[in-house]
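Protein sequence lines correspond, in order, to chains A and B.
For the record, in the first sequence the residue sitting at position 187 is 186 according to numbering that gives the first Met the number 0, with numbers rising by one throughout.
For the record, in the second sequence the residue sitting at position 230 is 229 according to numbering that gives the first Met the number 0, with numbers rising by one throughout.
Keep in mind that the hints are not guaranteed to be accurate.
Any copy, or any two copies together, can satisfy a pair, since identical chains are not distinguished.
DSS-like mimics (lysine-lysine), calculated; alpha carbons at most 30 Å apart, straight line [claimed, not checked]:
hint, residue 1, residue 2
1, K69, K113
2, K199, K130
3, K42, K97
4, K234, K197
5, K212, K234
6, K57, K76
7, K197, K126
8, K42, K141
9, K197, K113
10, K234, K209
11, K141, K130
12, K199, K141
13, K69, K41
14, K212, K97
15, K113, K130
16, K9, K42
17, K16, K199
Hints are computed from structural coordinates only; laboratory data are not their basis.
There are 2 protein chains.
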Amino acid sequence: MNIAFIGFGKVSYTLSKLIQSQDINLITSTENRSQDTIYLIKKSNVEVFPSYGEAIEKSDIVISAVTPFKAVDVAEKCRNTNVIYLDLNNISPNTTLKINDIVDNLVDGAIIGKIDAENPILYLSGKDSEKLLFLNDFLDVKIISDNIGDASKLKLLRSTYTKSLSVLLIECYSLASSLNLEDEFFNILSLTEGDEFKNKSLSRINNTLKSSKRKAEELEAILEYFDDEDLEMVKAALHKLKQF
Amino acid sequence: MNIAFIGFGKVSYTLSKLIQSQDINLITSTENRSQDTIYLIKKSNVEVFPSYGEAIEKSDIVISAVTPFKAVDVAEKCRNTNVIYLDLNNISPNTTLKINDIVDNLVDGAIIGKIDAENPILYLSGKDSEKLLFLNDFLDVKIISDNIGDASKLKLLRSTYTKSLSVLLIECYSLASSLNLEDEFFNILSLTEGDEFKNKSLSRINNTLKSSKRKAEELEAILEYFDDEDLEMVKAALHKLKQF
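Same shape as in the complex, but just chain A (with noise of 0.2 Å):
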């Protein structure tokens, strides 16, 4: 079987570590790739064709990883394929399904979690799901539903979840301070929130003050996506975000 990553950075480079078996043959292109991209493929045990065109002609399966925005231009190259198109992009749930009217056999893809920790979960929606399902054999899969476009929204709502939780952090965070009583604050949520919760809470508040414009762009989609009046929550905490 030959499994072509379309794009290959952090994601796929992962899953080609992890995808090791006889019967499996991994493919890629260095077709219009950048010198970091290429390095990564270099230190990857896949097969490089010189164009994404016959990587994905030898396919059975195309895994598509790359830079949101780039989404539909490559389901587009599989138009008209007999491949099973899995597609793990950070993309609206709109767009899933506008590369579904391109793709024939897509199945929606999310990796929770950051795809480099030890135990990656990879979330699949869609009729054409249980074909991947050999793919627990590398690493966890579970099947939410037949419906395009779960994966992504499930993704969605993690999402606003964790960076909601991350403003109300440093809402609270920054209000201890002032008290001078941040480091009780932290021990006393500890007591229920468990003996993780000031490191994680202080790696979430930094995360999300280092790159609070990207995140608020990213929360800012979301709403749209959801355009859900009752997400006031949510609402407060992209306008908290916006002024960091």
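Guided by the hints, dock chain B onto chain A, whose structure is given.
Below, chain B alone, put in the same frame as chain A:
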């Protein structure tokens, strides 16, 4: 040593079970107490005096654990005495300062977590806190600082965070339900938030919805006390709580 409990609800009852020593005599009064309270007193190993005045007169330490609006009145009963006065009431830090003007040796106390939890922790602040460190023999005691008000503030800080978090959980859970992804929402978050995330969150959601009016009142009082316009997420939480 004599320790008098003023008020004998769940807090005093639980403390009276924990503080068991041959050197300590626990006392209280049934003056103006309800049948329920008298029942709790009878179940406990405490000496009963006909009036609070007599109990206080015999005491080295007075522990006040009453309904919040009676906290100042109880302190008045100890004006011009030499007792160490431990206030455990759910009162605003401003009320704690008022009580500090009434009694001579105030210790500001807060029990964090449920009082009937396995290991309740007693946080103390104020210069006389050290005089209560012997309570460490019976439960976990932590001294925050010399400042009267810090224990009360810490309690408000905790409440600010947990109440706002509960509303955020309600908001995200409701969004997940509308997408038919509520189980998956909990599952993916458990990966990063810990195995207990689902049960803890559902219990927070239910408790908040069950007593949303009281929680809204508490959060409103907290916002009034902190008087900080940066608390946008907390304000959004209050606005939402009022609608439930």
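With identical chains, the pair K16 and K199 could be close in the same copy or across copies; at 30 Å between alpha carbons, which is it: within, between, both, or neither?
This pair counts as within: shortest intra-copy Cα distance 28 Å, inter-copy 36 Å.
Is the C-alpha distance from K69 to K113 at most 30 Å within one copy, between copies, in both cases, or in neither?
Only inside one copy: K69 and K113 sit 21 Å apart there, 52 Å across copies, limit 30 Å.
Indicate which option fits the pair K113, K130 if close means a Cα-Cα distance not exceeding 30 Å: within, between, both or neither.
within (24 Å within a copy, 49 Å between copies)
Identical-chain pair category, K199 with K141, by Cα at 30 Å
both (26 Å within a copy, 23 Å between copies)
Is it within, between, both, or neither for K57 and K76, if the alpha carbons may be no more than 30 Å apart?
Result: close within a single copy only, 13 Å intra versus 88 Å inter.
How would you classify K199 and K130 at a CA-CA limit of 30 Å: within, between, both, or neither?
Neither way: K199 and K130 sit 36 Å apart in one copy and 35 Å across, limit 30 Å.
How would you label the pair K197, K126 (within, between, both, or neither) given a Cα cut-off of 30 Å?
Between copies only: 28 Å across, 42 Å inside.
Could you place K234 and K209 in one of the four classes (within, between, both, neither) given a Cα distance threshold of 30 Å?
Answer is both; intra-copy 20 Å and inter-copy 25 Å each pass.
At most 30 Å between CA atoms: does that hold for K141 and K130 within a copy, between copies, both, or neither?
within (12 Å within a copy, 57 Å between copies)
When no copy is named, should K42 and K97 be tagged within, between, both, or neither for a Cα gap of at most 30 Å?
The answer is neither: 34 Å in one copy and 69 Å across copies each exceed 30 Å.
Are the CA atoms of K234 and K197 at most 30 Å apart within a copy, between copies, both, or neither?
both (25 Å within a copy, 24 Å between copies)
Same-copy or cross-copy closeness of K69 to K41 [CA-CA at most 30 Å]:
Within one copy only: 23 Å inside a chain, 74 Å across chains, cut-off 30 Å.
Hints 2, 3, counting from the list given before, are not met by this structure.
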